[in-house]
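Participant: Use the sequences and the hints to build the structure in full.
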Amino acid sequence: DTGVSQDPRHKITKRGQNVTFRCDPISEHNRLYWYRQTLGQGPEFLTYFQNEAQLEKSRLLSDRFSAERPKGSFSTLEIQRTEQGDSAMYLCASSLSTNGLGFFGQGTRLTVV
Amino acid sequence: QQQVKQSPQSLIVQKGGISIINCAYENTAFDYFPWYQQFPGKGPALLIAIRPDVSEKKEGRFTISFNKSAKQFSLHIMDSQPGDSATYFCAAVNGGYSGAGSYQLTFGKGTKLSVIP
Chain A
-14 DTGVSQDPRH
-4 KITKRGQNVT
6 FRCDPISEHN
16 RLYWYRQTLG
26 QGPEFLTYFQ
36 NEAQLEKSRL
46 LSDRFSAERP
56 KGSFSTLEIQ
66 RTEQGDSAMY
76 LCASSLSTNG
86 LGFFGQGTRL
96 TVV
Chain B
-18 QQQVKQSPQS
-8 LIVQKGGISI
2 INCAYENTAF
12 DYFPWYQQFP
22 GKGPALLIAI
32 RPDVSEKKEG
42 RFTISFNKSA
52 KQFSLHIMDS
62 QPGDSATYFC
72 AAVNGGYSGA
82 GSYQLTFGKG
92 TKLSVIP
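Residue numbers (this note's numbering), protein chains in the order written: chain A, -14 to 98; chain B, -18 to 98.
Hints listed in this document are in silico derivations from the structure and should not be mistaken for laboratory results. Where hints are given, some of them may not hold.
Okay, derived cross-link-like pairs now, DSBU-like style, lysine-lysine, Cα gap no bigger than 35 angstroms in a straight line [unchecked claim]: (1) B:Lys38 / B:Lys93; (2) A:Lys42 / B:Lys38; (3) B:Lys49 / B:Lys93; (4) B:Lys90 / B:Lys39; (5) B:Lys23 / B:Lys90; (6) B:Lys90 / B:Lys38; (7) B:Lys23 / A:Lys(-4); (8) A:Lys42 / B:Lys93; (9) B:Lys23 / A:Lys56; (10) B:Lys49 / B:Lys23; (11) A:Lys42 / B:Lys23; (12) B:Lys(-14) / A:Lys42; (13) B:Lys(-4) / B:Lys23; (14) B:Lys93 / A:Lys(-4).
Facilitator: Okay, here's the thing in structure tokens:
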């Protein structure tokens, strides 16, 4: 499988707990994006990396959210002190810098109870 | 501020019919316009994309029409099939064609398409 891989697919956590998601992009893609999608809405941009550098963050990305991409390969998205409003599908996408069209993973469905 | 407006919210089409979904954008910095298809529980999958210097692009049963002056673009699905039943998102990319932007996608709110036999 050479697509974008995300883990876990589903996560149920109690409010106040920390969670971490992982994304493995398509190997030759140097750009990696995180999006959040709530029910009935389109995905919303959170942040993106070019190689290991985090170049842009949305104002949606509060200080409880942190993303890393060590060595420019896989990426992690951590949410600290989860709130019920964090419940959503977290999508990772990767692309080549030549056209920007992102290829998405299957997403991680987060439910905060 | 919704930068990409999509309509209709839902669409029911008879098998074999034409499905038409419309989008309008505001930001003139957008320079690449993809459409994504999403099935329940899955991530969006790239269907087709168009550059702003092209008025129409066709791939199989899927056609994008683009009107730069009106800042509008649409997806036509010809000979719609039950397997096409999914949610469709239009999107716009800042810098996707010029190579000068962040390439982040701005999505519409989606159209849920149901193709009935």
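Participant: Against this structure, judge whether each hint is valid.
Facilitator: Hint check:
| no. | hint | result |
| --- | --- | --- |
| 1 | B:Lys38 / B:Lys93 | holds (22 angstroms) |
| 2 | A:Lys42 / B:Lys38 | holds (32 angstroms) |
| 3 | B:Lys49 / B:Lys93 | holds (25 angstroms) |
| 4 | B:Lys90 / B:Lys39 | holds (23 angstroms) |
| 5 | B:Lys23 / B:Lys90 | holds (16 angstroms) |
| 6 | B:Lys90 / B:Lys38 | holds (22 angstroms) |
| 7 | B:Lys23 / A:Lys(-4) | holds (15 angstroms) |
| 8 | A:Lys42 / B:Lys93 | holds (29 angstroms) |
| 9 | B:Lys23 / A:Lys56 | holds (28 angstroms) |
| 10 | B:Lys49 / B:Lys23 | holds (31 angstroms) |
| 11 | A:Lys42 / B:Lys23 | holds (24 angstroms) |
| 12 | B:Lys(-14) / A:Lys42 | holds (23 angstroms) |
| 13 | B:Lys(-4) / B:Lys23 | holds (24 angstroms) |
| 14 | B:Lys93 / A:Lys(-4) | holds (26 angstroms) |
Taken one by one, the earlier hints all hold for this structure without exception.
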